[in-house]
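A.B. asks: Turn these sequences into a full structure, and let the hints steer you where they fit.
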Amino acid sequence: MSEGIPQTAEQETKGTKEEKEALAAQEAAGVEQTGVSGTAGAGPRPEYTEADFVNPLRDARDRRLPRIAGPSGLVIFGVTGDLSRKKLMPAVYDLANRGLLPPGFSLVGFARRDWEDQDFAQVVHDAVREHARTPFREEVWQQLAEGMRFIPGDFDDDTAFKQLRSAVEELDASRGTSGNYAFYLSVPPKFFPKVVQQLKKHKLASAPEGSWRRAVIEKPFGHDLRSAEELNAIVHDVFDPEQVFRIDHYLGKETVQNLLALRFANQMFEPIWNRSYVDHVQITMAEDIGIGGRAGYYDGIGAARDVIQNHLLQLMALTAMEEPAAFDASSLLTEKLKVLKAVRLPQDLGQGTVRGQYAAAWQGGTKVRGYLEEDGIDQASTTDTYAAVRLQVENRRWAGVPFYLRTGKRLGRRVTEIAVVFQRAPHSPFDSTATEELGSNAIVIRVQPDEGMTVRFGSKVPGTSMEIRDVTMDFAYGESFTESSPEAYERLILDVLLGDANLFPRHQEVEESWKILDPIEQYWATHGRPAQYASGGWGPEEADEMLARDGRSWRRP
Numbered sequence: 002m003s004e005g006i007p008q009t010a011e012q013e014t015k016g017t018k019e020e021k022e023a024l025a026a027q028e029a030a031g032v033e034q035t036g037v038s039g040t041a042g043a044g045p046r047p048e049y050t051e052a053d054f055v056n057p058l059r060d061a062r063d064r065r066l067p068r069i070a071g072p073s074g075l076v077i078f079g080v081t082g083d084l085s086r087k088k089l090m091p092a093v094y095d096l097a098n099r100g101l102l103p104p105g106f107s108l109v110g111f112a113r114r115d116w117e118d119q120d121f122a123q124v125v126h127d128a129v130r131e132h133a134r135t136p137f138r139e140e141v142w143q144q145l146a147e148g149m150r151f152i153p154g155d156f157d158d159d160t161a162f163k164q165l166r167s168a169v170e171e172l173d174a175s176r177g178t179s180g181n182y183a184f185y186l187s188v189p190p191k192f193f194p195k196v197v198q199q200l201k202k203h204k205l206a207s208a209p210e211g212s213w214r215r216a217v218i219e220k221p222f223g224h225d226l227r228s229a230e231e232l233n234a235i236v237h238d239v240f241d242p243e244q245v246f247r248i249d250h251y252l253g254k255e256t257v258q259n260l261l262a263l264r265f266a267n268q269m270f271e272p273i274w275n276r277s278y279v280d281h282v283q284i285t286m287a288e289d290i291g292i293g294g295r296a297g298y299y300d301g302i303g304a305a306r307d308v309i310q311n312h313l314l315q316l317m318a319l320t321a322m323e324e325p326a327a328f329d330a331s332s333l334l335t336e337k338l339k340v341l342k343a344v345r346l347p348q349d350l351g352q353g354t355v356r357g358q359y360a361a362a363w364q365g366g367t368k369v370r371g372y373l374e375e376d377g378i379d380q381a382s383t384t385d386t387y388a389a390v391r392l393q394v395e396n397r398r399w400a401g402v403p404f405y406l407r408t409g410k411r412l413g414r415r416v417t418e419i420a421v422v423f424q425r426a427p428h429s430p431f432d433s434t435a436t437e438e439l440g441s442n443a444i445v446i447r448v449q450p451d452e453g454m455t456v457r458f459g460s461k462v463p464g465t466s467m468e469i470r471d472v473t474m475d476f477a478y479g480e481s482f483t484e485s486s487p488e489a490y491e492r493l494i495l496d497v498l499l500g501d502a503n504l505f506p507r508h509q510e511v512e513e514s515w516k517i518l519d520p521i522e523q524y525w526a527t528h529g530r531p532a533q534y535a536s537g538g539w540g541p542e543e544a545d546e547m548l549a550r551d552g553r554s555w556r557r558p
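Numbering (this note's numbering), first residue to last: 2 to 558.
I should point out that these hints are in silico values taken from the structure, not numbers from a laboratory. Since this is a predicted model, take the numbers as computed values, not measurements. Ideal Cβ placement from N, Cα and C applies to all residues, glycine included. Please note that a few of the clues may not be correct.
Keeping only pairs whose Cα atoms sit at most 27 angstroms apart, straight-line, the calculated DSS-like set for lysine-lysine is [what the hints assert, rightly or not]:
#1 204 - 220
#2 163 - 202
#3 201 - 191
#4 339 - 220
#5 204 - 163
#6 201 - 220
#7 202 - 220
#8 163 - 195
#9 163 - 191
#10 339 - 516
#11 87 - 195
#12 87 - 220
#13 202 - 191
#14 220 - 342
Label pairs and their computed distance ranges (CB to CB) [claimed, not checked]:
#15 201 - 345: 36 to 42 angstroms
#16 289 - 326: 36 to 42 angstroms
#17 368 - 545: 21 to 27 angstroms
C.D. replies: Here it is, written out as structure tokens:
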């Protein structure tokens with residue numbers, strides 16, 4: 002533990018665990034770390050190949066040891082942004098701390114800053130100290146810092162991209178990265194075309210024989226179907242579709258992955274996961290904060306484009322999909338696409354969709370401003386900070402079962418959940434007074450926070466009379482497993498380096514999602530203004546009325 006950081010018993014325990022995990026991972030990879038430490042600019046290292054990182058004694062079926070990335074590097078464009086500082090840099094360190102990155106892993110930053118390599122390393126160091134999930138270890142940091150380089154410049158600066166290519170070649174020689182690089186575009190979408198074209202122009206997108214190059218793109222993937230298709234065409238002109246990894250960080254969360262395990266590794270749920278037993282499904286992503294300083298990005302985009310088009314439709318596809326032939330990217334894509342293609346919008350979009358804007362109110366004991374009062378927001382803005390839609394999936398499994406999707410800012414609490422609500426029993430031998438407090442059975446998958454699952458069912462209240470009310474049976478990750486769940490970006494960055502595309506939406510899914518949302522956005526653009534709702538509540542009254550017309554009500558998470 003480094004000087005100045007208190008060593009509590011808990012930190013010592015975690016540190017010991019992380020050291021053991023790292024040692025086991027490095028042994029599994031067949032890599033010896035002796036002599037790795039040093040300073041940037043050390044003498045040339047021998048070049049590694051994938052074969053150098055394969056343990057011939059390891060059985061591929063052995064799941065006790067983690068997957069480890071081979072020789073590789075990561076180039077981050079827009080490395081000075083909040084995403085990079087709060088998520089990407091800490092995730093890279095946490096992977097290294099867990100022994101899941103190769104000893105020669107390299108990290109290259111590209112941004113408009115007049116920095117030297119050591120300045121960049123200091124920025125990463127500060128970000129890691131503040132945001133990393135695992136304990137700080139000096140030896141891990143020193144090894145990682147050796148492979149850090151920084152390239153100052155604009156995206157249209159040819160000189161900067163020449164320097165980037167030189168840095169990549171130098172790292173191949175000094176760190177043994179074998180020409181394997183992922184380019185992470187942590188920049189606004191308007192810069193995507195320029196960056197990928199520059200990568201093509203300077204031959205950075207083309208991998209040497211036996212190596213790979215990959216592009217990682219953050220959402221939003223366009224602002225409608227047409228822009229998404231144009232963006233995909235530009236990116237695929239430089240990178241093949243299988244080289245492009247579109248980040249949806251929700252798919253990297255353990256609970257979302259566990260949804261597939263819940264459905265397809267257990268016999269007890271599949272027989273009731275259909276229209277014969279399910280009444281409806283609610284998928285909620287609520288935030289208790291406003292837009293903060295994101296007015297420039299958020300205004301004109303809104304909640305539906307920002308969340309429903311990607312996060313919620315992906316969660317819906319995973320909830321509704323059929324069992325894939327295998328747990329691989331192609332099979333998952335096939336089944337998710339079937340769901341997205343089967344989605345049907347309400348015939349009356351005015352009755353089946355709702356949009357809103359948060360208004361000034363007291364929230365958490367603090368007076369907060371409404372959306373139209375936020376800095377940088379036009380008083381005439383019609384951007385939605387709340388959106389709710391009712392969708393149908395027209396196939397044999399889900400015909401007639403509505404899927405209610407909602408998202409919003411300044412709501413009651415921060416929560417993301419999938420609630421599968423079941424039909425009431427067709428006949429009850431109990432009289433109405435015995436069951437008047439009994440609701441519908443439900444399975445609730447909690448994506449965040451408090452990751453886990455709750456099953457709600459009826460049980461007799463202890464006593465002399467027959468009274469039945471709802472109880473819950475709860476599973477929580479933090480209580481059932483000793484190790485903490487990795488951050489979503491840890492899993493996703495590792496998967497990029499491994500070339501595992503299971504948790505990344507493909508361009509076909511992105512385009513199908515826009516086909517669902519575009520008609521809604523077009524309707525909203527010509528029909529009035531968003532409804533107002535008080536900050537700290539659960540959205541506009543119109544959203545409650547939408548479900549009430551169907552004889553249902555929103556869950557209170």
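A.B. asks: For every hint, state whether the structure bears it out.
C.D. replies: Results of checking the hints against the structure:
At roughly 25 angstroms between alpha-carbon atoms, residue 204 and residue 220 fall within 27 angstroms of each other, so this suggested pair holds. Between residue 163 and residue 202 the CA atoms are separated by roughly 10 angstroms; this keeps the pair inside 27 angstroms, and the hint holds. A hinted pair counts as satisfied when its Cα atoms are at most 27 angstroms apart, and residue 201 with residue 191 qualifies at roughly 17 angstroms. With a C-alpha separation of about 22 angstroms, the suggested pairing of residue 339 with residue 220 holds against the 27 angstroms cut-off.
Note on residue 204 and residue 163: the hinted pairing holds, with a Cα-Cα distance of about 10 angstroms set against a maximum of 27 angstroms. With a CA separation close to 22 angstroms, the supplied pair residue 201 and residue 220 stays within the 27 angstroms bound. The straight-line distance between the Cα atoms of residue 202 and residue 220 is roughly 24 angstroms, inside the 27 angstroms bound, and the hint therefore holds. Restraint check: the Cα-Cα separation between residue 163 and residue 195 comes to about 15 angstroms, which is no more than 27 angstroms; the hinted pair holds.
Note on residue 163 and residue 191: the hinted pairing holds, with a Cα-Cα distance of about 22 angstroms set against a maximum of 27 angstroms. A distance of roughly 14 angstroms separates the Cα atoms of residue 339 and residue 516; the hinted pair therefore holds under the 27 angstroms criterion. Our distance criterion of 27 angstroms between C-alpha atoms is met by residue 87 and residue 195, whose separation comes to about 25 angstroms. The hinted pair formed by residue 87 and residue 220 meets the criterion: a straight-line CA distance of about 17 angstroms does not exceed 27 angstroms.
In summary, the hint linking residue 202 to residue 191 is supported, as the alpha carbons are separated by about 18 angstroms, within the 27 angstroms threshold. Taking the CA atoms of residue 220 and residue 342, the gap is about 21 angstroms. The hint holds against a cut of 27 angstroms. The supplied range of 36 to 42 angstroms is met by residue 201 and residue 345, whose beta-carbon atoms lie about 40 angstroms from each other. Distance hint for residue 289 and residue 326: a CB-CB separation of about 41 angstroms, consistent with the stated range 36 to 42 angstroms.
For residue 368 paired with residue 545, a C-beta distance near 25 angstroms keeps the hint of 21 to 27 angstroms intact.
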